[in-house]
Amino acid sequence: MEEKKVGGGISTGRRVFVLAAFAVFVAVAFSASVTLGSVRIPLEEIWQSIFGAGAGTHQQIIMNIRLPRTIVAALVGINLALSGAILQAVMKNPLADPHIIGISSGAGLAGITMMLVFPGHEYLITPVAFVGAMSAAIVIYILAWKNGIRPVRIILAGVAVSAFLGAGISAMMIFYSDKVHGALMFMAGGLAARSWPHVTIILPYAIAGALLAFLGSKHLNILQLGDEIAKGLGLNVEMTRVVMTALAALLAASAVSVVGLLGFVGLIVPHATRLLIGSDYRFLLPGAALLGAAVVMGSDTFARTAFAPTELPVGILMAVLGAPFFLFLLRREL
Amino acid sequence: MVLETKNLGVTIENNEILRGVNVAFSEGRRTSIIGPNGAGKSTLLKALSSLNTRYDGQVLLDGADVRAMGRQELSKKLAILPQGATAPADVTVGQLVDFGRFPYRSWLRPSDPKADREAVEWALDRTHMTGYKDRRVAVLSGGERQRAWIAMALAQQPQILLLDEPTTYLDIGHQLEVMNIVDEINRDYKMTVIMVLHDINHALQYSDEIVVVKNHGIFAHGTPKEILTVDMLGEVFGVKADIFVNSQGISVLSPVSLVEEAGA
Chain E
26 MEEKKVGGGI
36 STGRRVFVLA
46 AFAVFVAVAF
56 SASVTLGSVR
66 IPLEEIWQSI
76 FGAGAGTHQQ
86 IIMNIRLPRT
96 IVAALVGINL
106 ALSGAILQAV
116 MKNPLADPHI
126 IGISSGAGLA
136 GITMMLVFPG
146 HEYLITPVAF
156 VGAMSAAIVI
166 YILAWKNGIR
176 PVRIILAGVA
186 VSAFLGAGIS
196 AMMIFYSDKV
206 HGALMFMAGG
216 LAARSWPHVT
226 IILPYAIAGA
236 LLAFLGSKHL
246 NILQLGDEIA
256 KGLGLNVEMT
266 RVVMTALAAL
276 LAASAVSVVG
286 LLGFVGLIVP
296 HATRLLIGSD
306 YRFLLPGAAL
316 LGAAVVMGSD
326 TFARTAFAPT
336 ELPVGILMAV
346 LGAPFFLFLL
356 RREL
Chain B
7 MVLETKNLGV
17 TIENNEILRG
27 VNVAFSEGRR
37 TSIIGPNGAG
47 KSTLLKALSS
57 LNTRYDGQVL
67 LDGADVRAMG
77 RQELSKKLAI
87 LPQGATAPAD
97 VTVGQLVDFG
107 RFPYRSWLRP
117 SDPKADREAV
127 EWALDRTHMT
137 GYKDRRVAVL
147 SGGERQRAWI
157 AMALAQQPQI
167 LLLDEPTTYL
177 DIGHQLEVMN
187 IVDEINRDYK
197 MTVIMVLHDI
207 NHALQYSDEI
217 VVVKNHGIFA
227 HGTPKEILTV
237 DMLGEVFGVK
247 ADIFVNSQGI
257 SVLSPVSLVE
267 EAGA
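Note that the protein sequences, when read in sequence, are chains E and B. All you need for my numbering is the position in the first sequence, starting with 1, plus 25. All you need for my numbering is the position in the second sequence, starting with 1, plus 6.
One chain only, chain E, in its complex shape:
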């Protein structure tokens, strides 16, 4: 496999190999997530249950608890990873991640407001969270704009917007302290008790978002060359930016409205993928989607089994892994 010469690019063979490896990760993480837990269920029984031949409590556990939770984890991972990958091209910023730059906080404040003030309208949480995410993205953009976009300004504007929106979230939790347990789980980002209703909330956004993202991959490639080159090549830069930011906000908002504020997936996953597969979005996006699904499924399995019977929210594990990674990137890229 070492046919790469000095100064050469990443070969298509290597990209396909990495994608295949990621697909294996997905299969392994999926299997672990449905088999492991307070009751260990062998894989054969899982296939039987999924295809309708199982019976008894194991069948119940798989179909009502583990399988939907695993699917939610995979979809959340896909959406957050795609959202981060898109934002990194749109904002020309290696540190862009829906959580860090405050888009998730926008979705979070809007979502938590819906949950606490207007309970019983779960179907509205995602659209409202999207409006929150998009508003946060626009505000960050306006604050960071001064003769063009600079990476450091986006991060700083994002920190400020996040802090502001975080204050809003805290205030909501104090005003509605009787309902705060649900809100606490939302803040930490966890998959506890996620089931089929949550799958139906996130699935349409995941499918539509992934499809649109892949359609835009060539445009994202051009956007990475910088505004002037992109314009010179005939790309409508402003329009592409707006459409792609909206798409990233929608992907992040749908994930946030199901699992709450799950950070760093959108940062770590696209970066690891970029290192292995390169910056061509036609490969980067499918790679990030696969790895995102594998990482969230795997991390959630670890977080809920490692300290049994206590279930750790997966967001805590992601933050423990993600914060040092963010600092590493900060030192390397800026």
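No lab work stands behind these hints, which were simulated from the structure alone. Because the structure is a prediction, the values reported are computed rather than measured. For each residue, glycine too, the CB sits at the ideal point set by N, CA and C. Warning: the hint list may mix true and false statements.
Unchecked claim - Derived EDC-like pairs (lysine to aspartate or glutamate); straight-line CA-CA distance at most 16 Å:
{"id": "1", "chain 1": "E", "residue 1": "K117", "chain 2": "E", "residue 2": "E263"}
{"id": "2", "chain 1": "B", "residue 1": "K196", "chain 2": "B", "residue 2": "E33"}
{"id": "3", "chain 1": "E", "residue 1": "K243", "chain 2": "B", "residue 2": "D104"}
{"id": "4", "chain 1": "E", "residue 1": "K171", "chain 2": "B", "residue 2": "E19"}
{"id": "5", "chain 1": "B", "residue 1": "K83", "chain 2": "B", "residue 2": "E33"}
{"id": "6", "chain 1": "B", "residue 1": "K196", "chain 2": "B", "residue 2": "D214"}
To be verified - Derived Cβ-Cβ restraints for the label pairs, each shown as a range:
{"id": "7", "chain 1": "E", "residue 1": "L346", "chain 2": "B", "residue 2": "K12", "range": "53 to 61 Å"}
{"id": "8", "chain 1": "E", "residue 1": "S36", "chain 2": "B", "residue 2": "E241", "range": "54 to 62 Å"}
{"id": "9", "chain 1": "E", "residue 1": "S63", "chain 2": "B", "residue 2": "D118", "range": "57 to 65 Å"}
{"id": "10", "chain 1": "E", "residue 1": "I167", "chain 2": "B", "residue 2": "Q78", "range": "21 to 29 Å"}
{"id": "11", "chain 1": "B", "residue 1": "A144", "chain 2": "E", "residue 2": "V49", "range": "26 to 34 Å"}
Starting from the known structure of chain E, fit chain B onto it as the hints suggest.
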């Protein structure tokens, strides 16, 4: 195709950079834009290439307003290489040049792989970059990198090529290499070349026409012979220079002193 401006004015953050500029670039000619720092050379090039569309007046391509044309259509006719272009670290020369085919692709229209491949191969060949196709742009030397970016612009198969200081930061050997490549493309394909040049001697040697920008507008426009005068150098650049004819029969200059010093 003739590219021209009608009463072009550009104001950036309340600073008037250009005012009432009327200039036409003839088809198949090489025109250099020169002038002192901050005179608006790059600003003019950005308006000509529609990188900046916030201007007063008009930019016309064969008499048609470019703003009514659509950016993608325009980028098949006109290619621009701005200064300081960068690509992601893993992009190879081949991939970079292939980005030049972007104007010919869209969501609805499938690309024509044969036309794309031929255009990329042609662009690599014209810039002597064929052997570098699988190298990453990030590891190339300055001269090689500049040729790779020029190849990307050529892959657009434009009729007009605009270059913003294509030789800056290159040593004299690589400067001439870049200028020769541009020269050959102009000669062999009658491609119109419009470039901002820092080095007046390059402008004198490699241009059919020179446009001198000063004080928000066009100070002079003519052949190198018409443009190169002691008065122009004094008035525009504040420099006293010797003008002499080199071994190729081209008038060149050698700056001697600033005008104030010369008077003292």
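Hints, one by one, checked against the model:
For the given pair, E:K117 sits about 13 Å from E:E263 by alpha-carbon distance, which is consistent with the 16 Å threshold. Proximity of B:K196 to B:E33 is assessed by CA-CA distance (about 8 Å); at most 16 Å being required, the pair is judged to hold. For the hint linking E:K243 to B:D104, the alpha-carbon distance of about 11 Å falls within 16 Å, and the restraint holds. Distance hint between E:K171 and B:E19 is fulfilled; the C-alpha atoms sit about 11 Å from each other, no more than 16 Å.
Proximity of B:K83 to B:E33 is assessed by CA-CA distance (about 12 Å); at most 16 Å being required, the pair is judged to hold. About 13 Å separates the Cα atoms of B:K196 and B:D214, which keeps this hinted pair within 16 Å; it holds. The beta-carbon spacing between E:L346 and B:K12, approximately 60 Å, falls within the hinted interval of 53 to 61 Å. Checked against the given bound of 54 to 62 Å, the beta carbons of E:S36 and B:E241, roughly 57 Å apart, stay inside it.
With their beta carbons about 59 Å apart, E:S63 and B:D118 fall inside the hinted range of 57 to 65 Å. At roughly 28 Å, the beta-carbon separation of E:I167 and B:Q78 lies within the given 21 to 29 Å, and the hint holds. Taken as a hint, the range 26 to 34 Å holds for the pair B:A144 and E:V49, whose Cβ atoms sit roughly 31 Å apart.
Hint compliance for this structure: every hint is met.
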